[in-house]
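Residue strings, one per chain:
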Amino acid sequence: MDIRKVKKLIELLEESGLAELEITEGEESVRISRHMTNAPPQYPMPPQPYFAAPAATGGAGPAPPATPAAAPEATGHKVLSPMVGTYYEAPAPGTPNFVKIGDQVQAGATLCIIEAMKMMNQIEADVAGKVVAALAKNGEPVEFGQALFIIEP
Amino acid sequence: MAPSALAWPAVLDLLADGQWHSGSALGEALAVSRAAIWKQVRALRSLGLEVLAERRRGYRLDRPLDLLNPVRIRDELTPVTRAGMQLLEVLLVTPSTNARLAAEPAPPPGQIRAVAAEYQTGGRGRRGRRWLSPPGHGVCLSVAWSFESAPRDLPALSLVAGVAVIGALQQLGVGGVQLKWPNDVMAAGGKVGGILVDVSGESGGPLRAVVGIGLNVRPVPGIATALLLEGGHLPAVALDDLLPGAGLDRSVLVGALINRLHECLVGFGDRGWPDVLPVWRQNDYLAGRSVVVTRGADTLSGIARGIADDGALLVEADGRIFPIVAGDVTLRAPL
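So the protein sequences, as listed, match chains A and B.
Per numbering that gives the first Met the number 0, the first sequence starts with residue 0, numbered consecutively.
Per numbering that gives the first Met the number 0, the second sequence starts with residue 0, numbered consecutively.
Think of the hints as simulated: they come from the structure by calculation, not from any bench.
Incorrect hints may appear among the rest.
Claimed, not checked - Calculated lysine to aspartate or glutamate pairs in the DMTMM-like style (CA-CA distance at most 20 Å, straight line):
no., chain 1, residue 1, chain 2, residue 2
1, B, Lys38, B, Glu49
2, B, Lys38, B, Asp74
3, A, Lys136, B, Asp297
4, A, Lys129, A, Asp102
5, A, Lys136, A, Asp102
6, A, Lys136, B, Asp327
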């Protein structure tokens with residue numbers, strides 16, 4: 000692929016507020032991401048500040064973030080995992096989930112816990128709205144930047 | 000009766016000496032009916048305490064209990080830590096000392112809130128396993144601390160807490176304690192305790208961390224079997240098993256733990272994790288051992304090769320080193 004084309008794609012990504020862009024052209028494909036995708040799959044910590052606002056949400060304001068065309072189901076605000084870890088939907092086994100689909104949540108409400116190195120990180124809603132999708136499975140691994148919830152502001 | 004609904008049964012303070020007390024004497028001392036005494040005794044039994052009852056003699060515990068004492072805990076605190084204590088609470092029963100602190104407002108930066116309990120009804124171990132320890136036998140301690148912003152090495156906080164535990168135990172003469180990545184406290188081939196850290200905070204804002212520590216102090220008959228059955232694969236070891244002579248004073252232990260945690264939390268906020276990384280490495284239980292890492296449906300078998308500068312466990316497999324940040328690590332059974 001032409002290097003100028005790649006440069007153009009990078010600029011496009013910068014302008015768009017997207018986290019990641021993948022283009023396939025014949026047998027060639029290129030994926031450009033704002034995050035370090037060249038890290039080994041289990042690399043512990045991204046270089047970003049720990050609780051930095053997920054880059055994909057742009058200003059994290061009420062303006063609906065641009066949605067990748069490949070993911071038509073994502074019509075709301077995506078809450079992304081700030082870290083690699085294990086996803087828990089409830090404070091402890093046998094207790095009710097933090098939230099369920101259809102719940103109205105305030106910004107700052109706890110949505111789930113991501114555990115890494117035996118540290119339980121409460122993940123809070125960064126916008127207020129209705130929980131329309133819960134995308135991760137209880138007890139399953141999640142990756143950095145993976146979408147956990149979709150909230151309709 | 001649900002233990003979570005219990006206030007500290009006053010009768011426990013009287014029975015703690017391990018001597019016989021008649022029901023009427025207890026009732027008189029506490030100004031309650033004998034039926035009320037009986038109810039409190041039943042409550043104590045529901046916590047796993049052995050209360051003997053005989054018609055002529057009354058009640059006694061099967062052995063004297065040294066209960067956590069807030070005054071003695073406070074006496075152990077260094078002047079610096081004492082000055083920073085916003086709360087020191089000692090409870091008989093609570094669902095979880097971590098949950099109790101997490102439900103309260105975060106302490107102001109520089110201040111520390113601590114809750115110790117004799118018994119947790121909802122203590123969490125690995126994968127939600129219960130932490131089983133009747134009153135008078137273990138230590139359940141949680142400490143809340145606020146960072147003005149998230150420390151860069153935040154994920155290493157469980158490891159930092161482990162270093163604090165090692166320091167407190169060394170101070171009390173308990174040696175040979177090691178840390179199993181990320182949060183188990185090990186000695187004599189078994190598990191002495193564990194650490195669980197809860198963290199919450201807003202993006203870019205202040206961050207509240209609650210560090211919970213559970214330690215076996217007095218041996219509990221049958222608990223090793225119970226733990227093995229729960230799938231921990233590691234026998235439970237009590238700190239008293241490691242010490243000749245009289246057992247540890249648990250109040251002194253709690254005081255020492257608070258001091259060391261305070262010191263480590265301040266250092267972690269100011270200087271980060273490199274401060275204590277060498278101590279962690281010196282006490283690495285897994286280094287050189289064959290391990291299996293399980294994360295969801297994935298497993299990785301290899302040799303533990305210490306920890307990376309950011310606290311990730313390094314596992315060597317197929318000639319490569321894999322940094323591990325999430326998952327359960329078990330020792331591979333010898334073939």
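Hints, verified against the model:
1. B:Lys38 <-> B:Glu49: holds, 15 Å
2. B:Lys38 <-> B:Asp74: violated, 34 Å
3. A:Lys136 <-> B:Asp297: With Cα atoms ~15 Å apart, A:Lys136 and B:Asp297 stay inside 20 Å; holds.
4. A:Lys129 <-> A:Asp102: holds, 6 Å
5. A:Lys136 <-> A:Asp102: Given pair A:Lys136, A:Asp102 holds - Cα atoms ~18 Å apart, limit 20 Å.
6. A:Lys136 <-> B:Asp327: holds, 17 Å
Checked against the numbered hints given earlier, the structure breaks only hint 2 and satisfies all the rest.
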